[in-house]
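**Q** Note that the protein sequences, when read in sequence, are chains A and B.
Following our numbering, the numbering of the first sequence begins with 7 at its first residue and continues without gaps.
Following our numbering, the numbering of the second sequence begins with 7 at its first residue and continues without gaps.
Note that these hints are calculated values from the structure, not bench results.
Worth double-checking, as some hints may not be accurate.
Note that identical chains are pooled: a pair holds if it fits in a single copy or bridges any two copies.
Distance condition first, Cα-Cα at most 30 Å in a straight line; then the derived DSSO-like pairs of lysine-lysine [what the hints assert, rightly or not]: (1) Lys26 / Lys357; (2) Lys199 / Lys215; (3) Lys287 / Lys413; (4) Lys357 / Lys56; (5) Lys199 / Lys305; (6) Lys26 / Lys199; (7) Lys199 / Lys297; (8) Lys338 / Lys15; (9) Lys64 / Lys199; (10) Lys215 / Lys15; (11) Lys199 / Lys357; (12) Lys276 / Lys26; (13) Lys199 / Lys276.
Everything numeric in this text was worked out from a predicted model, so none of it was measured.
2 protein chains.
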Amino acid sequence: METLVQLGKNAAAAKYELQKLTTDAKNRSLFAVADALVRESGRILAENEKDIAAGVKKGMHPGLIDRLRLTKERINGMAKGLRQVAELVDPIGEVMESFKRPNGLIIEKRRVPMGVIGIIYESRPNVTADAFGLCFKSGNAVILKGGSDALYSNRAITDVIRDALRAEGITEDAVQLIASTDRAVTQEFMRLKEYVDLLIPRGGAGLIKSVVENSTIPVIETGTGNCHVYVDEFADCDMAVSIIINAKTQRIGVCNACESLLIHEAVKDKLLPELYDALNKYQVEIRGDEKVAQVIECKPATEEDYGREYLDYIISMKTVASVEEAIAHINKYNTKHSETIITENRENAEKFLNEVDAACVYVNASTRFTDGFEFGFGAEIGISTQKLHARGPMGLKELTSYKYAIKGDGQIRL
Amino acid sequence: METLVQLGKNAAAAKYELQKLTTDAKNRSLFAVADALVRESGRILAENEKDIAAGVKKGMHPGLIDRLRLTKERINGMAKGLRQVAELVDPIGEVMESFKRPNGLIIEKRRVPMGVIGIIYESRPNVTADAFGLCFKSGNAVILKGGSDALYSNRAITDVIRDALRAEGITEDAVQLIASTDRAVTQEFMRLKEYVDLLIPRGGAGLIKSVVENSTIPVIETGTGNCHVYVDEFADCDMAVSIIINAKTQRIGVCNACESLLIHEAVKDKLLPELYDALNKYQVEIRGDEKVAQVIECKPATEEDYGREYLDYIISMKTVASVEEAIAHINKYNTKHSETIITENRENAEKFLNEVDAACVYVNASTRFTDGFEFGFGAEIGISTQKLHARGPMGLKELTSYKYAIKGDGQIRL
Numbered sequence: 007m008e009t010l011v012q013l014g015k016n017a018a019a020a021k022y023e024l025q026k027l028t029t030d031a032k033n034r035s036l037f038a039v040a041d042a043l044v045r046e047s048g049r050i051l052a053e054n055e056k057d058i059a060a061g062v063k064k065g066m067h068p069g070l071i072d073r074l075r076l077t078k079e080r081i082n083g084m085a086k087g088l089r090q091v092a093e094l095v096d097p098i099g100e101v102m103e104s105f106k107r108p109n110g111l112i113i114e115k116r117r118v119p120m121g122v123i124g125i126i127y128e129s130r131p132n133v134t135a136d137a138f139g140l141c142f143k144s145g146n147a148v149i150l151k152g153g154s155d156a157l158y159s160n161r162a163i164t165d166v167i168r169d170a171l172r173a174e175g176i177t178e179d180a181v182q183l184i185a186s187t188d189r190a191v192t193q194e195f196m197r198l199k200e201y202v203d204l205l206i207p208r209g210g211a212g213l214i215k216s217v218v219e220n221s222t223i224p225v226i227e228t229g230t231g232n233c234h235v236y237v238d239e240f241a242d243c244d245m246a247v248s249i250i251i252n253a254k255t256q257r258i259g260v261c262n263a264c265e266s267l268l269i270h271e272a273v274k275d276k277l278l279p280e281l282y283d284a285l286n287k288y289q290v291e292i293r294g295d296e297k298v299a300q301v302i303e304c305k306p307a308t309e310e311d312y313g314r315e316y317l318d319y320i321i322s323m324k325t326v327a328s329v330e331e332a333i334a335h336i337n338k339y340n341t342k343h344s345e346t347i348i349t350e351n352r353e354n355a356e357k358f359l360n361e362v363d364a365a366c367v368y369v370n371a372s373t374r375f376t377d378g379f380e381f382g383f384g385a386e387i388g389i390s391t392q393k394l395h396a397r398g399p400m401g402l403k404e405l406t407s408y409k410y411a412i413k414g415d416g417q418i419r420l
Numbered sequence: 007m008e009t010l011v012q013l014g015k016n017a018a019a020a021k022y023e024l025q026k027l028t029t030d031a032k033n034r035s036l037f038a039v040a041d042a043l044v045r046e047s048g049r050i051l052a053e054n055e056k057d058i059a060a061g062v063k064k065g066m067h068p069g070l071i072d073r074l075r076l077t078k079e080r081i082n083g084m085a086k087g088l089r090q091v092a093e094l095v096d097p098i099g100e101v102m103e104s105f106k107r108p109n110g111l112i113i114e115k116r117r118v119p120m121g122v123i124g125i126i127y128e129s130r131p132n133v134t135a136d137a138f139g140l141c142f143k144s145g146n147a148v149i150l151k152g153g154s155d156a157l158y159s160n161r162a163i164t165d166v167i168r169d170a171l172r173a174e175g176i177t178e179d180a181v182q183l184i185a186s187t188d189r190a191v192t193q194e195f196m197r198l199k200e201y202v203d204l205l206i207p208r209g210g211a212g213l214i215k216s217v218v219e220n221s222t223i224p225v226i227e228t229g230t231g232n233c234h235v236y237v238d239e240f241a242d243c244d245m246a247v248s249i250i251i252n253a254k255t256q257r258i259g260v261c262n263a264c265e266s267l268l269i270h271e272a273v274k275d276k277l278l279p280e281l282y283d284a285l286n287k288y289q290v291e292i293r294g295d296e297k298v299a300q301v302i303e304c305k306p307a308t309e310e311d312y313g314r315e316y317l318d319y320i321i322s323m324k325t326v327a328s329v330e331e332a333i334a335h336i337n338k339y340n341t342k343h344s345e346t347i348i349t350e351n352r353e354n355a356e357k358f359l360n361e362v363d364a365a366c367v368y369v370n371a372s373t374r375f376t377d378g379f380e381f382g383f384g385a386e387i388g389i390s391t392q393k394l395h396a397r398g399p400m401g402l403k404e405l406t407s408y409k410y411a412i413k414g415d416g417q418i419r420l
């Protein structure tokens, strides 16, 4: 097996080739890779079957088995995703700013690839193709470390991509897979700072925490979402119920789902009975504070509940006396992901937008819209919950950096 | 002494106040702080004297003593810097982008403060005022950890700033100093992720490496510069000499000084004798490869020399056979800071601009222009050599993040 350092060197060499590729060459390759994935789907499915069999044998949770499983349809979905990325505007080469200094220097701020991106993810084989596509279109080499349970699948997908690239005359080291199930290798990968410019963990809170704690490579934190809906005293209660049901139940296992509800005391008697019936239809468990419990049946909410990302049919509820109290509660417990206020009052809406500290702050809409596709980016590598570099949904532009190109005619500093 | 966690909590509370300040309030406070520094300069100088005495007693290098020393003039310089920051455009509140989605959602990308910024720096007391000014104007709370040798000076400056802020009705926790000389406290500070959004180390390579290795807070790497001048075969040799002398000798101890020279073989016989004489005037030691040694007197350059940031009157020199070889050498040895090509050939110039991996890439100009003031940013917190978030000179904008503010009228995701 090649060592990690060798993978790093390969990627670092590939990045210089990739940054020079024309948009046409990149798009042609993305289409070729998409076709290859469909053409070679038999081979990929056969390898995937090995992962599934191993997973079943070790008693993996059915939900995880489902996440791991590939089908012809899912492979077609991966190919479709790559073709969509080919259709997106190429971010590379854009002159972001240009200005002339009094001494005659002309300074251009040019958008350039990040270089080498590392992605650490759990056992979702589709991420292998998705991550390659986004990194490749934005001119980056990528080193992938997928979940151990998907190793056969990831290796098959990566091999197909590399073969297709080679046939197009493109360096196959545009994508490399760390084909190891050794945790120590993952730890070592996080310290491959000499070769890797950016590391993105995609997965649960545990994975992300481990990467943040151990990486020496700059990291973008993605994904954990303890998202709130706040129903203001000036809310349209029917709209509130509709948005809460959507944000809580439309898809429970995602980071932009609602986990906690704040209700202004003035509307609790009107809102809660109607909301209770609506949540009941989805068998959502309610954990409320005392004032909520005075109106509807619920379990008591603990301090710990307010900080939980349930990813389940459970919601915590708390009453507040003002928009200020709601904002303070959110800023204390949230994960800086997505927050929404339901109100017809413009002043409270602006206050909430300005003062809540989160990547995406909404007025009268579901938190579920925090998504690269819903934002119109055409793609998404993840949702950043940190403030450095990128915040919220990350598309192609968020996988780029810039450089200053400066032209002179002999200027020296005085 | 207050614990670090308490400082973190104070800063986190202050950030919500600071993000709400109007531009006028911020500017008024900056002027008030500038006046206070001048008014209280006696008190600051008395405290600085304690640091100087301790430094002299322990035999500190005269260069470091000079860096540590404050004078009336230097304090006036700090005050002037704050007044200049007050004159700069406030980056906060800018709507960077705004778009409407087909479902009617209006998405605004708004520039917001980073929140809490941590700065770790060496024994230069002026950084205390500079860093406060830039963080404050960009709406951030700042926690400072200055060099232990400057503790009395830093405490005096911070006290004056805090007093002046309080008198203006602004939270004094806009700036806090970690008043400890214990290295373990600095290590703990680097892991104060719950309260600090961004950590910027300012100083030598050792400090920066330590922060990158140990911080769990997102870091922006600044400062180390192994900068090259490449004299192409199509160079104007007089211009080359002028730029090399400027880049090497105008100020030797800075990150944008030239440390290494690459010379196309075709011009070495013409360039080197003239350059030798010019460098000799500054007593610059030359370490060259064999082909350089055939033309001028020099010490032999080792492999290690090519990777060195001398910060001294020393320069390494290497001949190359092509612009491609020059680019490959630079990409192998540089620190991604500033690189320049001297050429009259447009094709080679564009090749160099595109393919050299560095924050600032120049044609026919000195590397010494990599500087926030020279770029017209009006200020500088440091020069980033990483690709995440900010690259090259960092001004006020680079101390900000953004959030998405999204307005709907009841939209739910289907």
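**Q** Take the hints in turn and mark each one as holding or not.
**A** Going down the list of hints, with the structure as the test:
In this assembly of identical chains, the alpha carbons of Lys26 and Lys357 lie at most 30 Å apart only when taken from different copies (10 Å versus 46 Å within one copy). Taking the closest pair of Cα atoms, Lys199 and Lys215 come within 30 Å of each other both inside a single copy (18 Å) and across two copies (11 Å). For a Cα distance limit of 30 Å, the shortest separation of Lys287 from Lys413 across copies, 28 Å, qualifies, whereas the shortest one inside one copy, 66 Å, does not. Taking CA atoms no more than 30 Å apart as the test, Lys357 paired with Lys56 passes in neither setting, with 54 Å inside one copy and 48 Å between copies.
For the homomeric pair Lys199 and Lys305, neither the shortest alpha-carbon distance inside one copy (48 Å) nor that between copies (33 Å) is at most 30 Å. For a Cα distance limit of 30 Å, the shortest separation of Lys26 from Lys199 inside one copy, 23 Å, qualifies, whereas the shortest one across copies, 38 Å, does not. For the identical chains of this complex, Lys199 and Lys297 are neighbours neither inside a copy (52 Å) nor across copies (34 Å), given an alpha-carbon limit of 30 Å. Only between protomers do Lys338 and Lys15 lie at most 30 Å apart by alpha-carbon distance; the minimum there is 11 Å, versus 43 Å within a single protomer.
Neither within a single protomer nor between protomers do Lys64 and Lys199 lie at most 30 Å apart by alpha-carbon distance, with minima of 35 Å and 37 Å respectively. In the homo-oligomer, the alpha carbons of Lys215 and Lys15 lie at most 30 Å apart both inside one protomer (27 Å) and across protomers (21 Å), since each shortest distance falls under that limit. Taking identical chains as interchangeable, the C-alpha atoms of Lys199 and Lys357 lie at most 30 Å apart only when they sit on different chains, with a minimum of 26 Å there against 41 Å within one chain. With identical chains, the CA atoms of Lys276 and Lys26 are never at most 30 Å apart, being 61 Å at best within one copy and 33 Å at best between copies.
In this homomeric assembly, Lys199 and Lys276 never come within 30 Å of each other (Cα to Cα): the closest approach is 56 Å inside a single copy and 41 Å across copies.
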